[in-house]
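Number of protein chains: 2
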Amino acid sequence: MSFFPASLEELVDKFAALPGIGRKSAQRLAFHVLSLPDAEAESFAAAIVNAKKSVHCCKVCQNLTEGDICRICASTTRDKSTICVVSEPRDVLSIERGREYNGTYHVLHGVLSPMSHVGPDDIKIKELLVRVAENDIEEVIMATNPDTEGEATAMYISRLLKPFSVKVTRLAYGIPVGSNLEFADDATLNRAIEGRTEM
Amino acid sequence: MSFFPASLEELVDKFAALPGIGRKSAQRLAFHVLSLPDAEAESFAAAIVNAKKSVHCCKVCQNLTEGDICRICASTTRDKSTICVVSEPRDVLSIERGREYNGTYHVLHGVLSPMSHVGPDDIKIKELLVRVAENDIEEVIMATNPDTEGEATAMYISRLLKPFSVKVTRLAYGIPVGSNLEFADDATLNRAIEGRTEM
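These protein sequence lines are chains W and A, in that order.
Per my numbering, numbering of the first sequence is gapless, rising by one per residue and ending at 199.
Per my numbering, numbering of the second sequence is gapless, rising by one per residue and ending at 398.
No lab work stands behind these hints, which were simulated from the structure alone.
Glycine residues also receive a C-beta, built at the ideal position from the N, C-alpha and C atoms.
Each hint should be verified, as a subset may be incorrect.
Okay, the calculated bits of chain A under chain W, using three or more residues with CB under 8 Å as the criterion [to be verified]:
| # | segment |
| --- | --- |
| 1 | 229-242 |
| 2 | 283-291 |
Under the rule of at most 16 Å between Cα atoms (straight-line distance), these lysine to aspartate or glutamate pairs were calculated in the EDC-like manner [to be verified]:
| # | chain 1 | residue 1 | chain 2 | residue 2 |
| --- | --- | --- | --- | --- |
| 3 | A | Lys223 | W | Glu40 |
| 4 | W | Lys53 | A | Glu241 |
| 5 | W | Lys167 | W | Glu139 |
| 6 | A | Lys252 | W | Glu40 |
| 7 | A | Lys252 | W | Glu9 |
| 8 | W | Lys24 | W | Asp13 |
| 9 | A | Lys223 | W | Asp13 |
| 10 | W | Lys24 | A | Glu287 |
| 11 | A | Lys252 | W | Glu10 |
Chain W is nowhere near these chain A residues, computed Cβ spacing over 12 Å in every case [stated by the list, open to error]:
| # | residue |
| --- | --- |
| 12 | Glu208 |
| 13 | Glu209 |
| 14 | Val211 |
| 15 | Lys223 |
| 16 | His255 |
| 17 | Leu263 |
| 18 | Gly266 |
| 19 | Asp278 |
| 20 | Val329 |
| 21 | Asn334 |
| 22 | Ile336 |
| 23 | Glu350 |
| 24 | Val376 |
| 25 | Asn379 |
| 26 | Asp384 |
| 27 | Arg390 |
Work the whole structure out from these sequences, hints included.
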């Protein structure tokens, strides 16, 4: 039996349904929302509805945008002949943070995962193939995560891209900058040796 | 410069303003909300507005409720002559979980904290004094947290309650059940020795 009002329980349930938020944290968040001034709580609710309503996928790269095409695809200074394929919109942010990459992106919105019933038709692979077929693309960089599913997705897509005679590359594996050999795992260290470059 | 649409940034800001949610987690939560079906996102927003609108403080004990008085104060089986004073509504839940306590509560909605500019008038102390003065109360159990601020609040209130000739008690300090002496801190261990009981 719960000693909280139904509408509070309902709010706790909503927070608890978010990823990485347990029951206790959800309670804390719900109490916090109740302690907010009315206007702030309403603007929180409005932000949810508003973001949900106005954000959709860029027609070109499938990244999230409010317009027809995203800022990166609309930019005239970016190299449109290079496409970096990532699994999630937040990965775009990570790569942009480096300020090195000047090409465009393609966001898959997921990775192939037979365990979670995610097949090739559930992520934006078709859109990538159409894009490569219809445009003058020179290189596709596979930048999915270096885990089993990201790896399998990269392999799968690179095979589909074979007929288009486009250069398909993968992010380099190796020891992270600033880290310590002692703490690198075996797989990473082996890949770092395999991928060694001349100085 | 951000590469996300403004309405998404706004939602990330809202999540990041919640307690214990950093920028990265806020992004994850915002992306999750965007991935929800429209109806679910709207019901999340509605739950916030609804909880904020219908939840308020019980007239008697200041616990959160949707009605005039809360379920515990409305119950006919609870002992109305005992009041357990806690700082937050969630503390009521913690004590109820034990299924031992059968009295009523008083929720302060905070603790005295000069550092955060929380004074006696900012928490529900006056309501407690009025309640003790106007009702036949036998015992007030101070159950604020055993930290500096909770301690100071308990001391302050117990002094205010002196004139009412009501029994004022404090939760027992000691080693937690099922724990290990080796890991108990000095202060707890000293309190456990001080508060030793005959077997």
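> Any hints this thing doesn't respect? Which numbers, in order?
Replying inline: Numbers 3, 9, 12, 13, 14, 15, 16, 17 and 18 - these are the hints that the structure violates, sorted from lowest upward.
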